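Enquirer: Spelled out, the chains give:
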Amino acid sequence: MSERVLMKGNEALAAAAINAGCHHFFGYPITPQTEVAAYMSKMMPKVGGVYLQAESEVAAINMVLGAAAAGKRAMTSSSSPGISLKSEGVSYIAGSDLPCVIINVQRGGPGLGGIQPSQADYWQATKALGHGDYQLLVFAPSTVQEMVDMVTLAFDKADEYRMPAMILADGMLGQMMEPVTLPEPVKELPKKEWAACGHENKRPHNIVNSLYIEPDELERLVDERYERYAHIQETEQRAECIMTEDADIVVVAFGATARIAMSAVRAARQEGIKAGVIRPITLWPFPNDILKETAKTAKAFLTVEMSKGQMVDDVKLAVECAKPVHFFGRTGGVIPQPNEVLEQIRKIAGGIK
Amino acid sequence: MADLNMVFAGFGGQGILFLGKVCAYAGLMDGKEVSWLPSYGPEMRGGTCNCSVCLSDEPIASPLVVNPNVLIAMNGPSFDKFIDTVVPGGTVIVDSSLVKSKTDRDDINVFYIPATEQADKNGLKGLANIILLGKLFKETGLVSEDALELGVKKSVPAKKQHLVESNMNAIKLGGSL
Chain E
1 MSERVLMKGN EALAAAAINA GCHHFFGYPI TPQTEVAAYM SKMMPKVGGV
51 YLQAESEVAA INMVLGAAAA GKRAMTSSSS PGISLKSEGV SYIAGSDLPC
101 VIINVQRGGP GLGGIQPSQA DYWQATKALG HGDYQLLVFA PSTVQEMVDM
151 VTLAFDKADE YRMPAMILAD GMLGQMMEPV TLPEPVKELP KKEWAACGHE
201 NKRPHNIVNS LYIEPDELER LVDERYERYA HIQETEQRAE CIMTEDADIV
251 VVAFGATARI AMSAVRAARQ EGIKAGVIRP ITLWPFPNDI LKETAKTAKA
301 FLTVEMSKGQ MVDDVKLAVE CAKPVHFFGR TGGVIPQPNE VLEQIRKIAG
351 GIK
Chain Z
1 MADLNMVFAG FGGQGILFLG KVCAYAGLMD GKEVSWLPSY GPEMRGGTCN
51 CSVCLSDEPI ASPLVVNPNV LIAMNGPSFD KFIDTVVPGG TVIVDSSLVK
101 SKTDRDDINV FYIPATEQAD KNGLKGLANI ILLGKLFKET GLVSEDALEL
151 GVKKSVPAKK QHLVESNMNA IKLGGSL
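Protein sequence lines correspond, in order, to chains E and Z. Take the first sequence: its position 106, counted from the start at 1, is 106 in the working numbering, and no numbers get skipped. Take the second sequence: its position 49, counted from the start at 1, is 49 in the working numbering, and no numbers get skipped.
A couple of the hints might just be wrong.
Chain E residues, not near chain Z, derived (Cβ > 10 Å throughout) [stated by the list, open to error]:
no., residue
1, Lys157
2, Gly171
3, Met172
4, Gln175
5, Glu178
6, Pro179
7, Val222
8, Tyr226
9, Ala256
10, Ile273
11, Phe286
12, Lys299
13, Phe327
14, Pro338
15, Glu343
With a cut-off of at most 25 Å between alpha-carbon atoms, the simulated PhoX-like pairs for lysine-lysine come out as follows [what the hints assert, rightly or not]:
no., chain 1, residue 1, chain 2, residue 2
16, E, Lys42, Z, Lys153
17, Z, Lys125, E, Lys46
18, Z, Lys125, Z, Lys159
19, E, Lys316, E, Lys127
20, Z, Lys81, E, Lys42
21, Z, Lys159, E, Lys46
22, E, Lys42, Z, Lys172
23, E, Lys202, E, Lys191
24, E, Lys42, E, Lys187
25, E, Lys296, E, Lys323
26, Z, Lys159, Z, Lys138
27, E, Lys127, E, Lys157
28, Z, Lys81, Z, Lys100
29, E, Lys274, E, Lys299
30, Z, Lys153, Z, Lys125
31, E, Lys42, Z, Lys160
32, E, Lys323, E, Lys292
33, E, Lys323, E, Lys274
34, Z, Lys160, E, Lys46
35, E, Lys323, E, Lys299
36, E, Lys323, E, Lys347
Treat the hints as calculated values from the structure; they're not laboratory data. As the structure is a computational prediction, the values presented were derived from the model and not from experiment. Where is the CB? At the ideal position from N, CA and C, for every residue including glycine.
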């Protein structure tokens with residue numbers, strides 16, 4: 001195992017992607033994710049890879065489509081407004097059944113918004129990044145080490161299911177430094193029989209396409225994709241449960257916000273309030289099963305987000321409205337503070353007694 | 001060891017983020033869990049700049065420090081902004097060459113050190129931040145001495161290792177003030 005080093009989230013993410021066999025990166029600078037591209041531009045030439053700063057986000061995502069179609073592990077990264085620009089390309093990638101990894105180091109929106117941390121792209125990532133019937137795998141790291149671990153996981157799962165995967169981070173995770181252990185570079189990548197990378201007259205040529213004029217054919221393809229999605233929803237839900245066994249109040253929070261929630265929950269426990277945290281690690285598929293299970297013992301849920309409450313409906317659906325679901329959030333780049341969350345926990349605890 | 005939740009604040013260019021990095025790396029070398037969170041954005045262009053650094057034996061929950069038990073303030077605006085956020089019993093190190101005001105709080109330990117002046121006098125120009133770190137190290141013993149030196153070595157870029165010595169001198173000087 002290699003040494004633990006201090007790295008910024010953005011740089012660690014880039015380093016991990018290269019070690020995961022991603023030798024094709026296409027990007028366009030935007031705060032607060034620019035260090036991903038900066039690191040890539042420095043390190044890619046050293047591994048014989050391609051770093052290309054495209055002329056726009058739209059160009060970058062379509063370059064990812066091209067590299068992915070040729071069977072390469074390809075990645076792009078951006079922050080909220082840039083991700084909106086990439087959404088058309090992501091839909092094409094999903095419609096072409098191509099694997100790739102997209103990084104969103106979220107900042108405040110809508111519009112150009114701000115440059116401070118946010119989670120207000122939850123809906124975009126989990127419901128509708130682009131047009132058409134499709135889903136992305138969405139991973140939500142909450143530490144710099146997890147940023148590293150999830151890049152490898154995202155590439156592996158994207159390849160396994162032939163679909164785009166997103167790491168939904170935020171400005172706080174991107175900018176902060178924590179100790180990380182980087183994985184060893186992968187030696188062998190999965191074979192991609194479908195890739196359009198030159199058939200040398202030895203096999204029928206492969207076609208990568210997302211245009212299907214015949215409705216029946218298009219419906220059949222979308223249906224096939226949805227069978228895959230159903231399988232993923234059954235097998236790929238991930239969440240971390242902290243002190244939930246005996247918890248009356250369960251805080252649901254992902255990413256950096258989960259850590260703030262954790263501080264609040266530790267303080268609540270010291271006051272004798274039985275609180276816990278469920279931290280969704282996959283946002284799609286949403287960890288419905290664990291929430292439903294927890295709803296049997298918990299008395300109330302509190303979702304905490306850096307948005308106006310985009311995850312609340314998913315929590316309500318997961319617990320089938322069996323228990324009340326409260327919400328606390330800050331938005332626009334304001335980071336919720338542990339004492340604000342604690343205040344909410346106290347209020348709910350007061351209501352329960 | 002009790003958790004250290006630290007805020008370092010001053011002007012952009014004073015080495016606030018570097019100071020934080022040395023502390024974080026020193027903590028890591030001591031086997032602690034650590035986090036380093038900078039302020040980022042327009043405030044870095046000549047305006048105020050700060051970073052939160054946490055050292056703990058447990059995984060760090062919130063890396064954003066709202067109520068620090070250690071504050072280093074290197075300019076007036078930062079001193080005014082953060083002095084009342086320090087928890088009772090906390091340690092505050094102030095560069096009194098640059099911060100002219102004083103606090104009337106008597107529930108915290110405040111040390112006024114003319115770090116910028118001392119740096120200039122002792123041929124350590126630009127190392128006022130590390131002089132303050134030296135004082136912090138002496139007052140709190142936040143990490144072991146070996147870890148602190150390793151933290152400096154790790155934080156100074158490979159091509160600038162010749163600067164390690166002057167950094168260590170600044171730490172010694174800070175401890176003597």
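Enquirer: All hints, please: hold or fail.
Expert: Now the hints, each set against the structure:
| no. | hint | in the structure |
| --- | --- | --- |
| 1 | Lys157 | holds (25 Å) |
| 2 | Gly171 | violated (7 Å) |
| 3 | Met172 | violated (7 Å) |
| 4 | Gln175 | violated (5 Å) |
| 5 | Glu178 | violated (5 Å) |
| 6 | Pro179 | violated (5 Å) |
| 7 | Val222 | holds (42 Å) |
| 8 | Tyr226 | holds (38 Å) |
| 9 | Ala256 | violated (8 Å) |
| 10 | Ile273 | holds (16 Å) |
| 11 | Phe286 | holds (24 Å) |
| 12 | Lys299 | holds (23 Å) |
| 13 | Phe327 | holds (19 Å) |
| 14 | Pro338 | violated (5 Å) |
| 15 | Glu343 | holds (13 Å) |
| 16 | E:Lys42 / Z:Lys153 | holds (23 Å) |
| 17 | Z:Lys125 / E:Lys46 | violated (37 Å) |
| 18 | Z:Lys125 / Z:Lys159 | holds (20 Å) |
| 19 | E:Lys316 / E:Lys127 | holds (16 Å) |
| 20 | Z:Lys81 / E:Lys42 | violated (38 Å) |
| 21 | Z:Lys159 / E:Lys46 | holds (19 Å) |
| 22 | E:Lys42 / Z:Lys172 | violated (36 Å) |
| 23 | E:Lys202 / E:Lys191 | holds (16 Å) |
| 24 | E:Lys42 / E:Lys187 | holds (22 Å) |
| 25 | E:Lys296 / E:Lys323 | holds (9 Å) |
| 26 | Z:Lys159 / Z:Lys138 | violated (29 Å) |
| 27 | E:Lys127 / E:Lys157 | holds (19 Å) |
| 28 | Z:Lys81 / Z:Lys100 | holds (14 Å) |
| 29 | E:Lys274 / E:Lys299 | holds (10 Å) |
| 30 | Z:Lys153 / Z:Lys125 | holds (19 Å) |
| 31 | E:Lys42 / Z:Lys160 | holds (19 Å) |
| 32 | E:Lys323 / E:Lys292 | holds (10 Å) |
| 33 | E:Lys323 / E:Lys274 | holds (16 Å) |
| 34 | Z:Lys160 / E:Lys46 | holds (22 Å) |
| 35 | E:Lys323 / E:Lys299 | holds (6 Å) |
| 36 | E:Lys323 / E:Lys347 | holds (16 Å) |
Violated hints, listed in ascending order, are 2, 3, 4, 5, 6, 9, 14, 17, 20, 22, 26; each of the other numbered hints is respected by the structure.
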